[in-house]
Structure formats: structure tokens, C-alpha cells
Amino acid sequence: MSSDDPFVLAGEPFTSRLIVGTGGAPSLEGLAAVLVASGTQWTTVSIRRVSTDAAGSVLDVAHQAGVRLLPNTAGCRTAAEAILTARLAREALETHWVKVEVIADERTLLPDPVELLKAVETLVDEGFIVLPYTSDDPVVARHLQNLGCAAVMPGGSPIGSGLGILNPHNIAMIVEQATAPVILDAGVGTVSDAVQAMELGCDAVLVASAVTKSADPVRMARAMRDGVSAGRDAYLSGRIARRFGAQASSPYEGLLDGMVFAPDA
Amino acid sequence: MTSETIHVFLNGIELAVAPGTTLASVVTNSTSLTTGIAVALNSEVIPKSTWATQQVVEDDVIDLVTAKQGG
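For the protein sequence lines, the chains are S and B, in the order given. Counting from 1, one number per residue, gives the positions in the first sequence under the working numbering. Counting from 1, one number per residue, gives the positions in the second sequence under the working numbering.
Rather than coming from a laboratory, the hints here were simulated on the basis of the structure. Accuracy of the hints is not assured; some may be wrong.
Just the calculated beta-carbon pair ranges, DEER-fashion [as the list claims (entries may be wrong)]:
#, chain 1, residue 1, chain 2, residue 2, range
1, B, Glu44, S, Ala230, 42 to 52 Å
2, B, Ser43, S, Asp4, 42 to 52 Å
3, B, Thr35, S, Gly127, 18 to 28 Å
Glycine is no exception: its CB is placed at the ideal position from the N, C-alpha and C atoms.
Bound conformation, chain S alone (with noise of 0.2 Å):
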């Protein structure tokens, strides 16, 4: 990553546009190998009720990896589940960065749109650095932006599903309008999904599924550094326009008598 093209999210800069998720991962061994391969300087953890029979802490293993934590309100179907969550994990782990995810049903674990707004809202009044989980919808990410929220993260396709950006005219839109960075959040199921993501402009993407229930999740770590940074230098690069037709890269002058014929004068 350029240290010349940072990656800036509430003010502060970051040279790794990728954010690697806990979630998925089998268990916390080789955890820490995945995070540091990846590149990463950020994870995502959940909040849940301490249990008794647990062995190791995934803060432990983000400490042995150096990235900072990103607690996420995942499970919370509420705002008032959100809230709190939010302000447990302030207090647990003395960050007032959030990402707020409030779900609408099991089935599609799309965000709740209602709930979600009327999460962020309470949060970012608290002082909170607001990360939400979003749906592709252009209206909500621009109702979340307007709200002070430091990012919006839309989901490319259902968490977990693997099925990439299945609207990427949506993120376009979404990046278009965007006056906060544009983080691309769930459904990412291989490389390509997030090279897209980087090249439809996206500022970052945040993956956990895709790496961490790999076959091989350090080496997909690995690939997943590789393509967000050659998604975004082919972005900053400036793609050339998709045309209908042909249009040769080679010249017509010089050509031998007999050879394809030039186009009209």
C-alpha cells in the first residue's frame, strides 16, 4: 500500500485499505497469522457474555497481531441492542470506534434500515466513531453520511454469501455521492469481489467469511493484500471507457498494400 495514497478514516491515516473480520474463523489458533498476512491494521470482534469454558482471547491474538479493535454490534436487532452493545464495548475496550450493525431478519442479515438510523444517530451523539453496516441503497447511505458517521459500509451481497457485488451500479452510485469513505462490507467470496470493490472506487473493503473459511485462509489473507492494493492503483490508474465496437491499438499508416483495409477517410 502507497503511503502516499492514504487510507483515512475519521482523520487519521492508515496505509492498509482492508479490514479482516474474526468472524468465521474456526478457532483463535492461526488467528493472529491470518490478521498479520493480510496486511491489516484493524478487526472486527463481537461482544458477547464472558463464559467460563473459554480458552484464549481474541484480544489476545489482535494484540500478538498489532491491529487495533473494531467492536461490532453484531446480533443486535434493535437500536436499544445496538446502543448498548456500543457502550459496553466503549467501556470494555476503551475505544469509542464502533461498527454498528443492527439486522433485520436471520434469513437475509440485511441491516435494518430504521433501526439502524435511529442507532447511529443516539451513537454519533455520544461521541461515537460511527462505522455502520449498510445495505447497496443509495438513499440510507446518504441518510447515514448526513448523520456524521465516519464511513458508510455497504454489503456487496449477503454476509457470508460469497456471491461479491451483486449490484455494483448501487456502489457506484453510493461511492459517487459520497462525502465520508465508502468501506465495502459483506458478501465478498473471493479476491476478484474485492478487486471490483477497489475499482468501482471504493475507499476499503472489509472481508472475515472469504479468508477466514478458506481452504488456505493466510495464503487468501495474503491474495486479499494484493488485490485490494492492485484494485486501487487500477482505480487511481484510470481505467478506458467500455466501448461497443472495436477500436485497434495498432496504426493503419505503414500497412502493405493487400493487408486490413483502413477505415474511411
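Using the hints provided, position chain B relative to the given structure of chain S.
Only chain B this time, still in chain S's reference frame:
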């Protein structure tokens, strides 16, 4: 007449404790974790700085949480 125990709920499980038991005592008897944890008492976050003085009462609902994989 003073009851010898009161009943509270800790992480969904009923717990009998002595009257006057503090949140700090409930926490230390429940987990060896001393960092990365937080407590909600009846859905209100209680700052760690007040655990030693916050006493629990009958039917209090206590949630003791920490960070886990996810998100």
C-alpha cells in the same frame, strides 16, 4: 427479618448472593478476566470505577461481557 441471600441473574443464570454484595465481587467470582470486560446492570452500563461500591439488589439482571470472535 433479613434474608440471608438475595437472588440476581448473571448472564441469564440465577445466582444467590449475600445482601450487600458488590458488582466487583460478582465479577471477580465469575471470571479471571480483569481487562476487556464490561458490565450492564439492568441494561445500563456501569463504569468499572464504580463496581466496588455498586451493590446488587434482588432481581438485578447483570450482563458481564467481553470481546469474542465475530463481526
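Evaluation of the provided hints:
1. Checked against the given bound of 42 to 52 Å, the beta carbons of B:Glu44 and S:Ala230, roughly 48 Å apart, stay inside it.
2. For the pair B:Ser43 and S:Asp4, the beta carbons lie near 47 Å from each other, so the given range of 42 to 52 Å is met.
3. Between B:Thr35 and S:Gly127 the C-beta distance comes to about 22 Å, which sits within the given range of 18 to 28 Å.
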